[in-house]
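Chains as they are written, first to last, in this note's numbering: chain A, 182 to 523; chain B, 182 to 523; chain C, 182 to 523.
Source of the hints: derived by calculation from the structure; they are not laboratory data. Ideal Cβ placement from N, Cα and C applies to all residues, glycine included. Treat the hints with caution; some may be incorrect.
Stated by the list, open to error - Derived pair list, reagent style SDA-like, types lysine to any residue, alpha-carbon separation capped at 20 Å:
1. A/Lys474 to A/Tyr319
2. B/Lys200 to C/Lys200
3. C/Lys210 to A/Tyr319
4. A/Lys275 to B/Gln485
5. C/Lys200 to A/Gln485
Said to hold, decoys possible - A short list of chain C residues far from chain A (calculated; beta carbon distances all over 12 Å):
6. Glu225
7. His250
8. Gly291
9. Ile400
10. His417
11. Ser428
Unchecked claim - Partner residues are not named here, just some residues of chain A that face chain C (Cβ under 8 Å, in silico):
12. Ser428
13. Val429
14. Gln485
15. Leu501
Listed below are the residues making up each chain.
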Amino acid sequence: MFLKQAWYVAAMPDEVAEKPLGRTICGEKMVFYRGKGGQVAAVEDFCPHRGAPLSLGYVEDDKLVCGYHGLAMGCEGKALDMPGQRVKGFPSIKSYAVEERYGFIWVWPGDKEKADPALIHHLEWAVNPEWAYGGGLYHISCDYRLMIDNLMDLTHETYVHAGSIGQKEIDEAPVSTKVEGDHVITSRFMDGIQAPPFWQMALRMNDLAPDVTVDRWQICHFHPPSHVLIEVGVAHAGHGGYDAPDSVKASSIVVDFITPETETSHWYFWGMARHFKPQDTELTARIRDGQGKIFSEDREMLEQQQQNLLRWPDRQLLKLNIDAGGVQSRRIIDRLLAEQVG
Amino acid sequence: MFLKQAWYVAAMPDEVAEKPLGRTICGEKMVFYRGKGGQVAAVEDFCPHRGAPLSLGYVEDDKLVCGYHGLAMGCEGKALDMPGQRVKGFPSIKSYAVEERYGFIWVWPGDKEKADPALIHHLEWAVNPEWAYGGGLYHISCDYRLMIDNLMDLTHETYVHAGSIGQKEIDEAPVSTKVEGDHVITSRFMDGIQAPPFWQMALRMNDLAPDVTVDRWQICHFHPPSHVLIEVGVAHAGHGGYDAPDSVKASSIVVDFITPETETSHWYFWGMARHFKPQDTELTARIRDGQGKIFSEDREMLEQQQQNLLRWPDRQLLKLNIDAGGVQSRRIIDRLLAEQVG
Amino acid sequence: MFLKQAWYVAAMPDEVAEKPLGRTICGEKMVFYRGKGGQVAAVEDFCPHRGAPLSLGYVEDDKLVCGYHGLAMGCEGKALDMPGQRVKGFPSIKSYAVEERYGFIWVWPGDKEKADPALIHHLEWAVNPEWAYGGGLYHISCDYRLMIDNLMDLTHETYVHAGSIGQKEIDEAPVSTKVEGDHVITSRFMDGIQAPPFWQMALRMNDLAPDVTVDRWQICHFHPPSHVLIEVGVAHAGHGGYDAPDSVKASSIVVDFITPETETSHWYFWGMARHFKPQDTELTARIRDGQGKIFSEDREMLEQQQQNLLRWPDRQLLKLNIDAGGVQSRRIIDRLLAEQVG
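Build out the structure end to end from the sequences listed, making use of the hints.
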């Protein structure tokens with residue numbers, strides 16, 4: 182069961198170009214395509230004629246044409262024409278609300294009429310030229326909520342990402358979680374430490390000494406249905422940490438849009454929005470490469486964790502203080518699911 | 182459920198040579214092998230001793246010897262001997278009626294005693310030296326009836342095979358379907374058109390101008406259980422089209438023997454029998470290569486259509502006029518299935 | 182259902198070195214690791230914190246540390262510590278009795294308190310310097326009992342291993358099976374024959390004429406739960422065969438530890454202990470290579486036999502005289518299983 186009355190990141194813009202894109206989101210098998218003006222539409226990936234996937238077709242004159250026998254589908258899910266046929270009585274297929282915004286294609290897998298674009302959270306880093314963004318997409322074979330847990334408890338960095346962003350002090354620093362409406366915030370502050378390799382690189386790229394004592398922070402934000410945005414950064418020690426002036430820090434937002442595919446798989450849109458040297462495209466590429474490696478380290482752990490949970494379905498997992506971010510996020514998902522059904 | 186009381190193409194002759202061939206047909210797991218005189222036999226692919234597949238064995242002195250412990254099986258499914266054993270009381274396995282004819286190995290998956298070789302349709306092109314044949318075999322992961330639908334409605338050529346045999350005029354020409362007993366015929370005639378690339382090549386190879394206006398025809402014949410033979414060709418325009426003299430046309434029969442493996446997979450024996458330049462073996466190879474590419478274009482569409490139908494089992498597909506060939510063919514299959522059971 | 186109250190070979194010593202080893206045995210998903218002193222321990226491959234597999238972790242200070250969030254597990258299945266946490270109330274996981282002996286790591290998948298190391302059979306060849314051992318491990322996708330059948334009836338050598346150890350005389354020589362308590366012995370003696378290629382090589386390596394007439398023997402011993410040890414060898418003819426003095430024979434023990442993974446897969450630890458030229462490590466390597474090839478010939482047969490048995494679950498297999506070794510071995514397994522449950 183998924184929160185279908187919500188906006189999810191469905192694709193990166195360049196995934197939907199000349200050819201339609203078939204993708205399953207929240208159990209809904211969809212096809213995304215661009216119409217004449219470049220606007221993206223999504224309908225079920227099922228031709229009402231013989232059931233062929235429309236994603237094997239092509240776009241012509243604003244219509245999605247089935248690659249099997251030429252039925253032309255409109256963005257409302259109604260057949261528009263077909264050679265030699267009257268299509269008026271043809272059964273319709275579902276269509277989905279789609280928005281392209283902030284460098285992503287968003288979809289609302291639920292009722293189209295409830296899809297209010299204003300419900301997409303404002304993403305300042307995506308529109309403000311002081312920020313630069315780079316990211317990628319992984320398909321991960323586990324329940325999307327295991328990824329939320331993963332990102333709302335960064336103690337795993339010490340173990341899974343020991344060579345890049347992990348460090349012993351993460352384990353040692355206390356973590357605090359609070360809930361504000363549907364918003365969960367888990368924070369950890371590590372003052373007076375050595376920056377780990379990734380952050381030393383970031384300081385260096387930002388023309389700051391990399392090897393001096395720093396204050397480090399991680400502030401994870403969960404928003405339904407499944408977005409996790411993490412404010413991260415380091416500042417030269419003693420200047421206020423998170424609140425230090427830009428001139429002595431390197432700060433970023435780790436961007437995680439976690440879009441369910443099936444009950445045991447999801448699309449993981451990962452990236453980093455950084456608040457320094459935004460014009461440096463080489464730096465963007467370099468960070469993306471590093472981050473891609475880091476997030477691929479999570480994959481095996483999460484996929485094998487999923488297999489273990491399927492094997493031992495009755496075992497209760499622990500909910501420690503470090504797990505509070507994930508626990509609270511799931512609680513919100515569960516409440517919204519109950520409301521959605523009710 | 183399959184029409185088991187019928188002849189199917191099981192293999193091409195060179196597939197059953199030195200080594201036995203294991204193949205599942207209509208859900209029956211069989212092993213084919215050649216006896217001393219070269220004649221082909223088929224029995225269940227199961228050794229009554231310990232259940233090993235006989236297809237891993239070898240042929241010796243007209244017997245199929247199990248490669249595990251040496252049980253020698255006869256073509257009637259009775260164990261003939263085994264080192265150090267009396268085999269009289271051994272349980273038998275099923276044997277199947279097999280015929281090698283017209284360049285194919287045919288099998289009757291049902292009751293052997295009902296298998297009358299006279300029921301194999303006469304194939305003139307296979308025995309008349311004025312014709313040449315070339316073809317191949319694909320394993321396709323979809324219900325064999327989706328392939329029948331595909332071949333009884335050639336409007337898909339416009340979309341799936343746009344670069345070779347498809348052309349807009351196929352869509353535009355009316356199609357007519359008639360049923361004569363268990364024989365379904367779907368015809369389409371396109372007069373005064375430009376030949377598509379494949380047929381331009383065929384005209385050229387037949388020493389005819391390729392780029393003049395032609396009349397083109399497609400006459401699809403379905404015969405139970407699942408054979409589709411399609412008369413196809415082009416003639417220089419104005420000479421009578423299908424009835425034009427051989428000197429102004431290039432004509433062929435597209436040969437499709439569609440043999441079920443499981444409910445969602447089949448063996449697709451495809452080929453072309455041509456009625457021009459039969460001695461030109463290079464041309465045979467060239468046509469086979471071209472046709473092999475064309476039929477591989479259908480594969481992805483059919484296999485993904487199958488996946489869609491499994492995902493949405495309750496959706497009714499449309500039965501348009503262009504679908505009449507497939508609809509009528511399935512009606513015959515359903516009637517024969519009901520008779521078979523009753 | 183498996184005989185869990187028994188010792189099985191779980192791994193070869195070098196499989197459990199720096200990194201923990203995840204392996205499923207008798208349906209139990211375990212992780213093996215070496216503590217500070219080098220001793221091997223095994224616990225369930227499931228971290229009680231969030232269900233991650235402990236086999237993705239590492240060993241530190243005698244503890245198995247989870248690679249996700251750092252929970253440190255002890256060899257009794259109790260969490261020992263975790264950064265920032267009190268672990269006293271954490272749920273335990275199962276731990277297993279493990280012994281390293283005779284060049285193998287042994288595990289008792291059942292109740293740890295019943296695991297008496299004295300129940301591991303004495304293996305003289307593993308401790309006596311007059312013997313040398315070499316072997317390997319295969320994962321085979323079939324019921325472990327099919328492998329027991331295979332090894333307790335060596336008539337298959339004639340067919341499956343025709344190029345190495347098979348020969349017609351195996352089929353022709355009578356076989357005798359006897360049961361002594363839980364010990365099944367199947368013997369075959371072939372006197373006055375030519376040695377097959379493998380044994381000619383063995384004679385040559387042992388400085389004996391390879392091409393003279395020999396007496397050959399095969400004495401298969403089954404011990405529960407699933408160990409098959411086969412005394413094999415050849416002696417120059419007329420010196421007493423099996424009882425001939427060492428100076429005129431080459432003799433070995435084929436070692437087969439067959440460890441169930443799931444109902445339809447097992448770990449096959451194969452090898453040969455030889456009683457000649459024990460210091461010749463090149464010979465050890467050469468025999469291992471040859472044996473590895475021979476046992477890989479069994480794999481396809483066994484895996485396809487398994488598929489056939491799954492396809493025809495109701496068919497009874499024959500129990501001929503040659504099958505008596507397997508039949509008696511399974512009878513002992515069935516009796517012990519019944520006792521285990523009762």
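Do the hints match the structure? See the list:
1. A/Lys474 to A/Tyr319: Holds: A/Lys474 and A/Tyr319 sit about 11 Å apart, inside 20 Å.
2. B/Lys200 to C/Lys200: violated (46 Å)
3. C/Lys210 to A/Tyr319: This hinted pair is violated, its Cα atoms lying about 28 Å apart.
4. A/Lys275 to B/Gln485: Distance of about 19 Å is within 20 Å: holds.
5. C/Lys200 to A/Gln485: holds (17 Å)
6. Glu225: violated (9 Å)
7. His250: violated (5 Å)
8. Gly291: Non-interface label on C/Gly291 holds, nearest chain A Cβ at 19 Å vs cutoff 12 Å.
9. Ile400: holds (41 Å)
10. His417: holds (56 Å)
11. Ser428: For C/Ser428, whose nearest Cβ neighbour in chain A is about 56 Å away, the distance exceeds 12 Å, so it holds.
12. Ser428: Violated, about 34 Å.
13. Val429: violated (29 Å)
14. Gln485: Since the shortest Cβ distance to chain C is 5 Å, the answer is holds.
15. Leu501: Status holds, d = 6 Å.
Violation of the numbered hints given earlier is confined to hints 2, 3, 6, 7, 12, 13; the remaining hints are satisfied by the structure.
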